[in-house]
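Residue numbers (my numbering), protein chains in the order written: chain D, 46 to 256; chain B, 46 to 256.
Worth flagging that the hints you see were computed from the coordinates, not collected in a lab.
Glycine is no exception: its CB is placed at the ideal position from the N, C-alpha and C atoms.
Possibly wrong hints are sitting among the right ones.
Computed cross-link-like contacts, DMTMM-like style, restricted to lysine to aspartate or glutamate with a CA-CA straight-line distance of at most 20 Å [as the list claims (entries may be wrong)]:
hint, chain 1, residue 1, chain 2, residue 2
1, D, 130, B, 84
2, B, 120, D, 241
3, B, 121, D, 241
4, B, 130, D, 237
5, D, 120, B, 84
6, D, 50, B, 84
7, D, 124, B, 84
8, D, 120, B, 237
9, B, 124, D, 241
10, D, 170, B, 241
11, B, 95, D, 53
Using C-beta positions, here's what the derived DEER-type ranges look like [claimed, not checked]:
hint, chain 1, residue 1, chain 2, residue 2, range
12, D, 70, B, 71, 42 to 52 Å
13, B, 165, D, 172, 19 to 29 Å
14, B, 98, D, 164, 12 to 22 Å
15, D, 164, B, 165, 22 to 32 Å
16, B, 175, D, 229, 43 to 53 Å
17, B, 75, D, 103, 41 to 51 Å
18, B, 223, D, 229, 35 to 45 Å
19, D, 164, B, 91, 49 to 59 Å
20, B, 175, D, 150, 35 to 45 Å
21, D, 184, B, 186, 27 to 37 Å
There are 2 protein chains.
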Amino acid sequence: MKYCKVPDETVRRLPFYLRGLLLSLQQGRLCISSQELADLVGIRPWQVRKDFSYFGAFGTPGVGYDTEKLVREIKKILKLDVVQKVALVGVGNVGSAILSYPGFAMYGFDVVAAFDIDHSKIGRKVNNILIEDVSNLATLKHRKINLAILAVPADAAQQTADTLANAGIKGILKFSPCYITVPKKVKVISIDIATDLARLPYYIRAGRIND
Amino acid sequence: MKYCKVPDETVRRLPFYLRGLLLSLQQGRLCISSQELADLVGIRPWQVRKDFSYFGAFGTPGVGYDTEKLVREIKKILKLDVVQKVALVGVGNVGSAILSYPGFAMYGFDVVAAFDIDHSKIGRKVNNILIEDVSNLATLKHRKINLAILAVPADAAQQTADTLANAGIKGILKFSPCYITVPKKVKVISIDIATDLARLPYYIRAGRIND
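Throw the hints in and build the complete structure from the sequences for me.
Structural data, given as structure tokens:
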């Protein structure tokens, strides 16, 4: 199947749908309604139907969506139907939390390499992953790793991103709190937990229930 | 001004607009176009205009939006026009990173208290914040703190959330990788970095430039 261009907002929701669908599958549910999916993701049912229409998935009225089929389709679109190897750079507080995070496997991610500049960390293992010298980053080119998580201090972020781009990394999940520039072929997604925290007071005033 | 109900997706984008506007103000820019704001947030200009229309902010054609006025309006909507005190529970890897995170002040957040169960941590200070015994959580009720960041292990999350709700906490930013139930008056926003990572392979295949 050839997919049309999917809007960024739809792409952002796809992992949340996927998580909801995988949990439903675990509970043995082979069908799910757009209302149930909407509740899981915190949006409206029409938005679910619109999102899925981009890749030709249409539910059956009164029955819902085929859970397994939707999982396959979403994984295919997100390119998560194959294991994606990930390298971590920076094993500080954030990096250590990432190496111990159990939530990546659900999406087919495998954190296989970790790098740091601190010699007291290099050579140690966290969650069975060896911490390598950051000067070895260039070896990523030969290790079939396309994705990197950047968790170095802000003042080292740009230089590390340059090295990652040169080593063939094509996608960077950035925790370092700063702007970086990368070649156009590299995609950067930035995490800023303050933007999530910043929504909380709104909902407190509004006195709304949880989504 | 009385605001109509703002859609969740718009609320989610407001902190990103706010960040872009504050950076623009730092650069001395008193006006900003919907195209420029759209570029900063990674969406389309029509979406920016639609989002702002919910609170009656309309740009001037050919000139754009009044940056300072928009900042004030967004802060008012998000209830960030006053300092919001925040308590952290769980000073492990994630919690330690949070206590050192410089990005909260921009939104008016002040992390003023931290709690842990580990006696080797209690009494120590991280970034000038004293780590208190988690058995003191009930004191939050008298400290005018409405928000909490939950960064405890999954098996302690529910019990801690219960204690927070009893202590009058109205909003929880949850890092613990598990589901929790809370009273309806408490709003929970969950952070799952895997859902952000899960978007990266899509953009790599599509060969798109950064937003």
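Hint compliance check: list the failing hint numbers for this structure, sorted ascending.
Violated: hints 1, 5, 7, 10, 14, 21.
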